[in-house]
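Student: Following the hints, position chains V, A, Y, X and B with the ligands against chain Z.
Listed below, chain by chain, are the residues.
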Amino acid sequence: MKTLFPHPILSLMLLGLWLLLVNSISPGQILLGTLLAWLIPLYTARFWTAQIHIRRPLLLLKLTGTVLVDILIANIAVARLIVGPRARIQPGFIRMPLRVKGNVSVSLLANIITLTPGTLSASLSPDRSELIIHALQGEDSAAIITEIRERYEQPLLDALEQT
Amino acid sequence: MTTELTTLLVEIFVALLILIGAGFTLLGSFGLVRLRDLYERLHTPTKATTLGVGSLLIASAVFFTWREPGVSLHEVLVAVFLFITAPVSAHLIAKAALHQRSPSRSGLPPESLLEKHDGHGAKPRPNAEAKQKPSQTG
Amino acid sequence: MTDLGNHVVIAPILVPLLTGTLLVLLRGSATPLRRTISMLGIQLLLAASLWLLLQVADGDLLVYQLGSWAAPYGIVLVADRLSAAMVMVTSVLALFAMMHAIQGSDRRGRQYHVLFQFLLMGLNGAFLTGDLFNLFVFFEILLIASYGMLLHGGGAARSKAGLHYVVVNLVGSSLFLFAVGTLYGVLGTLNMADLALRVAALPPEEVGLVRAAALLLFVVFALKAALVPLHLWLPGAYSAAGPASVALFAIMTKVGGYSILRVYSLIFGAEAGPLANLVEPWLLVLGLLTIVVGTIGVLASRNLALLVAHLVVISSGSILTAFGLGSQAALSAGLYYSFQSALVTAALFMLTENVARTRGAFADQLRAGPMLPAANLLGGLFLVLALAVAGVPPLSGFIGKVLIIQASLDTPAIAWIMAIVLSTSLLTLMALARAGSTLFFKTDTNAGAATLPNAANLVPVAAVAVISLLYVVFASPIYSYTEAAAAQLLSPADYIEAVLDGETLAGGETRLDSETTSDGMPPDSGGHD
Amino acid sequence: MTNLPLIVLIPFIGAMLPPWAVMTGRPWSAWVTGGVALAALALTIVPGLSVMQGETLIWQQDWFPALGLSLAFRLDGLALLFVLMILIIGLLVILYARWYLAEQDPMGRFYAYLLLFMGSMLGLVMSENLIQLLMFWELTSISSFLLISYWRQRADARQGARIALAITGGGGLALLGGILLLGEIVGSYDLSAVLAAGKSIHADPLYVPALVLILLGVFTKSAQFPFHFWLPHAMAAPTPVSAYLHSATMVKAGVFLLARLFPALSGSEAWTWIVAPVGMLTLLIGAYNAFFKHDLKGLLAYSTISHLGLITLLFGIGTPLAAVAGVFHIMNHATFKASLFMAAGIIDHEAGTRDMRRLAGLWKFMPQTGLLAMIAAAAMAGVPLLNGFLSKEMFFEKTVYMASFAESFWLLPVLATIAGALAVAYSLRFIHDVFFNGTPTDLPRTPHDPSRWMLVPVEVLVVICIAVGILPSLTFGPLLGVAVGAVLQGPAPDYSLKVWHGFTPALGMSMLALAGGALIYAIRQPLFRWHETLFGRIDARALFEGFERALLWSSRALDQLIHRRSLQFMLVVLISAALVMLARGFWGMPITGSATLLPIDPVSTSAAICLAAGAIGTVVWHRQRWTALVMLSVVGLIIALAFVKLSAPDLALTQLSVEMVTIVLLLLALHFLPKQTPRESSLPRKLRDLLLALLGGGATGLLTWAVLTRPYDSISGWMLENSVPGGGGTNVVNVILVDFRGFDTLGEITVLAIAAIGIYMMLRDLRLDVPLTDDQGRPWSSDVNPLILATFSRLLLPLALMVAVFIFLRGHNLPGGGFIAGLIISVALVMQYLANGIAWTKLRLSGELHPLIGLGLLLATATGLGSWYFGYPFLTSTHGHLHLPVIGDLELASVMLFDLGVMMVVIGITLVILIRLGRIGLVQRRVAIDDSDLNR
Amino acid sequence: MNELPETGLILNLALAVGFLLVTVAVLLSLWRLIIGPDQPDRILALDTLYVNTVALLVLLDIKLASSLYFEAALLIALFGFVGTVALAKFLTRGDIIE
Amino acid sequence: MEALIALSVGLLTACGIYLLLRGRTFPVVLGITLLSYAVNLFLFVMGRLSIGVPAILEPNRADYADPLPQALVLTAIVIGFGMTAFVVVLALRARADLGNDHVDGREP
Ligand code: NA
Ligand code: NA
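Order-wise, the sequence lines are chains Z, V, A, Y, X and B. Each residue of the first sequence is one higher than the one before, starting from 487 at the first, in the working numbering. Each residue of the second sequence is one higher than the one before, starting from 386 at the first, in the working numbering. Each residue of the third sequence is one higher than the one before, starting from 70 at the first, in the working numbering. Each residue of the fourth sequence is one higher than the one before, starting from 57 at the first, in the working numbering. Each residue of the fifth sequence is one higher than the one before, starting from 2 at the first, in the working numbering. Each residue of the sixth sequence is one higher than the one before, starting from 75 at the first, in the working numbering.
DSSO-like cross-link-like pairs, simulated, lysine-lysine; straight-line CA separation at most 30 Å: (1) Y:Lys349 with A:Lys511; (2) Z:Lys548 with Z:Lys587; (3) Y:Lys420 with Y:Lys349; (4) Y:Lys898 with Z:Lys587; (5) Y:Lys731 with Y:Lys742.
Treat the hints as calculated values from the structure; they're not laboratory data.
Pulled out of the complex, with its shape left as it was, chain Z reads as follows (with noise of 0.2 Å):
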């Protein structure tokens, strides 16, 4: 089963796609996106090593959502320091230390820490134990890494990666 549907969720998620850029659901398109479903994640499995596995779903939607929402309060916030006064901005260098190992959550983190309020992941160390971070107001480093490990580091610890 593994070999002949290595990634159902992949499959699924390309489903969904062909469905959306025909922009049909007549049985023909469906049979077709599952055909190509099927065969592309058989042809393309072995570019994807790591399996990821989610423990806590749930959380994770939950992450999603807050995300989401973090965006767009970081719009607002980032719109507010453009168009206001730049003396506002008191940028600074955050050398935050990773608990997430995983590829794809140390991935996800990264990303996250850029889509939200103020911050950007400038770098990640070769070893993937330490993230710098620039934040837009970066005085209090140690609160902008409390928050962020409150906010995504530990639901995706707990959602790919806690035991």
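Tutor: Relative to the frame of chain Z, chains V, A, Y, X and B with the ligands by itself:
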């Protein structure tokens, strides 16, 4: 509801999304010009521009869903794609900037830290995946 | 099943295409197998070319509608006497070049045979197509294949020459597109016959644009034909390329000449109103200048390959001078000259490699080297080819030059043509005598020993020498053919009628009525409905 | 009759025999050669007899009527005279050479060349067609080139041969011009027609040019002043060659042509005023130089020049009687000069030198040779009772006759007598200086008479000299008669071949010449010194060499000026040519047309600003290459936007994809190239380039404007109408690409395939230095594949594949198609390489990508070929609807297979190019590591 | 399809304003691209320019009421990302495919 | 709009020519690319300018952009890509063989 009213409401909704989207798009580029160092500038396109274009794409989805038969959601694809890639792009640009020691208003992190992040000094962890032959399931 | 004979027009394109593709698929196969396939492909091509030649010899124009789409909407291939002859000469040349290559020079890189086949495809396509944009495509095919063949074997000299050749031709291709684009933008069509009709009915306010495009196109063709001052790329490129490659290049300048002849007799020919006989005056002057400049190059050359490269320039100049005269006799003379000069210069390139190989470190430099054990054989072949190329009797070049001068006898250009053609012949002869005497007579006792040439290597060269003689013996029938080909060129109406199938729409008239629509429909369109 | 061509053909065929015969034994090649000449001679007998009866034999066969060239041979008196000379002297030379050539000389080659020459000469004199005559004429130049350079290891032989070829070959080309003009005047190249046209030719405006060109041929071949200098240098040839070529044959070809065309060309003022003075000058200069040559063969060579001048002068005088004298002297000169050359050869052969300053008193050692040489030299000097006397007497008589016409012509007999005296002097020198005049000094070997057979040819010729001298009318008389008849093309004038004409002025001149000659010889020592100081340095060969060097130098200088190996120069020329042509095309024509134009909107203006910024930025930053590349990609993006704006979605998609791949490609390449461009163009150079750029830009801009402001009508209306019914697709662009103009597309993917093959070839064994730091000197980051990128890029592949399938399938009806789909897949795969590296990605790709190129090409071609099966031309498409349960209506078109082929080729090529390029660095680094391992 | 109402005034106005704003955004991005000053700045500006053009295409789609340019937008988004990755990697590694 | 296009074509050509005439391979390649952009744009607009009327057949539309030049440009773009790729690799080859990146193979 009459067709006219629906039309009007949809139009207003779409118009609003367009204005918000275009506004944020402009904001992103404005930040690009206004902010004072690269690391600051990196914040604006990744957030504002991405959101702006996302908003425009939703406007498009709504518009075509209303205008043509069936649901038009393929715009979502582009939006999702942008949201996934924008932070990665920003990350890589920041990485390149740190590698080049692009100046920062607030001062760069200590040189030893940058050396470490460039992979010099500390030996990088070998990429385990490259060595082992991938199995069919991974 | 269908009669394959109907497809003879496209065969000279498809045979090398399929052979080349097969060779691409057989990546990494052993050399003997590749050679066998390549050689079989060429023999098949030769048969197809001969068949085609026989089909058109009596004056028939064969039109092949690709995809069953009628001209001017689809692309058509057209075989007339001229194009069939060009294809035939190409095939013969290919045979000799391949005979030479499989003696070992193909080994310097794996891709030789593939590039060779695709170059043939490009050449034949350029000769056969009846569509101006398709001509561009085939130009590109033959060019990119020639880039590869020029660089085949590698080395600094080739890289440098290759860079010049490629960049110059890339700019040439851009000019081609500007020209074709303008013609389409004004005339709204790409088929050459249709272009001819529309040019003939051109409103006066469009004349400037079309003339500009036509002259720009002339620059492109003149670049390919190595007409002075656009010949600058040739000496470096041809002298740097390996002879196994450059033997086939000998026909490439002829593509330029062919295109000039085709386009400026068909589209801008006698019936083109204010644009009639557009390039003839340029051709005449520049052709003569080309002969002079080529001769200067021949005199100045310090190695044989470069000398032969300049001989190619001279022969190109001679051909274009003849074309510039424009009369049937002159075109015929030019064609007669053209066919043999392609073969003879190719053979000289092949001989150059043989000589260079036997002389070791001295290669083809024109200075005293080791005593050649086969000086009589090599020198004898050199003598024959040198005489042929310098236009000394009794070889083919002589008759060619006499024909060209004769065609100019009753024109005002006679004095110039005679003076330049004859005096450059003498200078060429002197330079060749010096070269031959240095290479085959003069020895440097400190130069070490030369190696014996491989006799099999000389077979194609000797064959060309014999052909050059036969070309004189059978001059009359060959000339009758070129004369008929010239006559065909000078009466484009037949061509136009054959291509457009009797459709004689003047330019500007609408083609969108239902009648013409159904004309272009393939017989089986929507067959499964 | 029919054996006329055989006479010519036999030597040519025979020329193949000696190299074979020589394998049996050296003498065999001589006997075979002799046999060939004898056979030709035998064949001449029967037709020769008819000619002696006054007949003219002509054999004609059409060859190339359009050119006026026929295979035509003519045997009349003049031709017969020459044929006999060529064959008989040829036989004697063959015999002589058998003993002359040394062991180490390749005899087969010698005789082969000799027969080639003999055949060419025979063909020349027997030609009825003038073009054919010219062909043989040039063949004599070539075969004499081979004969003169026979001793190829000797520099003087090689050079002498080249000078001879240059002069006579060049003359031949002039002659060609002359003959073509003559043919144009007469309307035929047949000699009969030309001779029949006679003096009417003179009226044609082309007469003088034709005459001058023909005379150039004559003068060069017959070594007339100022072209005479090739002949002495041709003396580097073996003596049999000199005896043959430079007495009876090669050099006589020129005067032969004078005689041959005498009725058609002579008799005009131009003729007289060109031919006679040249002949006179040559006569004097030759005689003068002959006397001062210390080399025996040099003396003979200049003497030959002098005698040829005499003959030329006779024909130049132009009267029938002068012509008689000319023909007669041709015969006489051939006999005595051939024997003298042979004698000189014997002396050289036996004594080892030809220098008259070393030779002396040979009479004691070789009396037989001495006697023969003495008689022949006397004939040359014009001593009575020898043949030379008779024709020289006739010559003196003609000069006296001419002097009676005008007062100023008194010079003629005076100069003739001086020349005669000089001839006596050099003849005396030939005898006295060599055979008497003391004892030889320091000769390489002890001379003695040669073998019997070597003397036989000389004896035969000397006997003829005496016989003719005593009994002219019984010996040469009849042949002279028919020959003169042929020359004049009419009855011969009254002339008498008597030894004694009484005390005529001519006899007086002869006596004066004999006495004067003796006097000159007597005071030779002071004369030699005087000559040495005056003309000692003048050397014709040095002059020719100087000319050749000047030619070489000037051509090299011009060559360097013209053929500059500079790409910039080539491009400047090309672009200028295009500009000139565009300007010429537009000249005087209105630029702007009458079409209605579209308004400009702000978005488009901004886009144009971006485009301009990108393009100018690329130029401005071209020294910072990476920045230039970024600017370039802005241009690509805006072009894609323009395609979108202007209703070309397919183009936009293609442009974007190609742009992407190009940028990756350029980045890959830039890694191995310098990151900065040095400043090296001078300001004038920059200004020139800028000017050219602005002119080019202006020209294309105007061209665009001119077209866009004009209305037009195109064939694409038909395509819009037939796209659905004929091509089965609503995306007309795609239908054009895969159907209406599918052949273009097949060509286009072929170009791609060839490009990939060429690139593959170039990348083999490519060694480039891998920069160890970036352009700021910082070592590269060792974070090869940043994790975040690697993680997300993997998601991209399946998504992109899905999108590609979508784009491919809908291409026929909506924007998309195989090409774009192929590029999307390629970019997605390239992304994997970018993010994860080559090793990682290669492990995960199933199978090689290279075969896709061949397979795709094959699929596309095979789709085209498929239509043959149904009897339609290549690439004929078919399409239809398939009704399937559940799925519904499925539209299928054969062109989809074609498009699939396109897609495969595109994927294969893009990846082959990019990945192989990427691998250079990998390979280089691996090599570097291996090297450092070795060093440890 | 033909019974669909024409695009209304409000929408047209919003589109006009939208085009204007995005166009200004494009020019601002271009400005940053030109003035740099650093290489990463130029990558950032180019990346933003790419996303800006996606916005333009979406607006054009709505304006023309035709989704024909959707794929172009998709490809610009995709290739903008790939381009940024390639340019950035060039700065840190030199060899972008290794 | 026509003037804008004409200016663009002219500018691209001018910039392309200027870079073509530089002495090093990389700027020359950039020049070739710019020139081919100019050519492609030129060839495309030879079918005249039309906005919002792509050549995708629809039942209720009579106006279409001229599809033929679009097809020609597609071919030209693809061929141009092959040529550019070739010349880029050739530039590398020349750099390896000649030791520098000057178009004439020698440092001036
Ligand atoms: Na909908
Ligand atoms: Na002496």
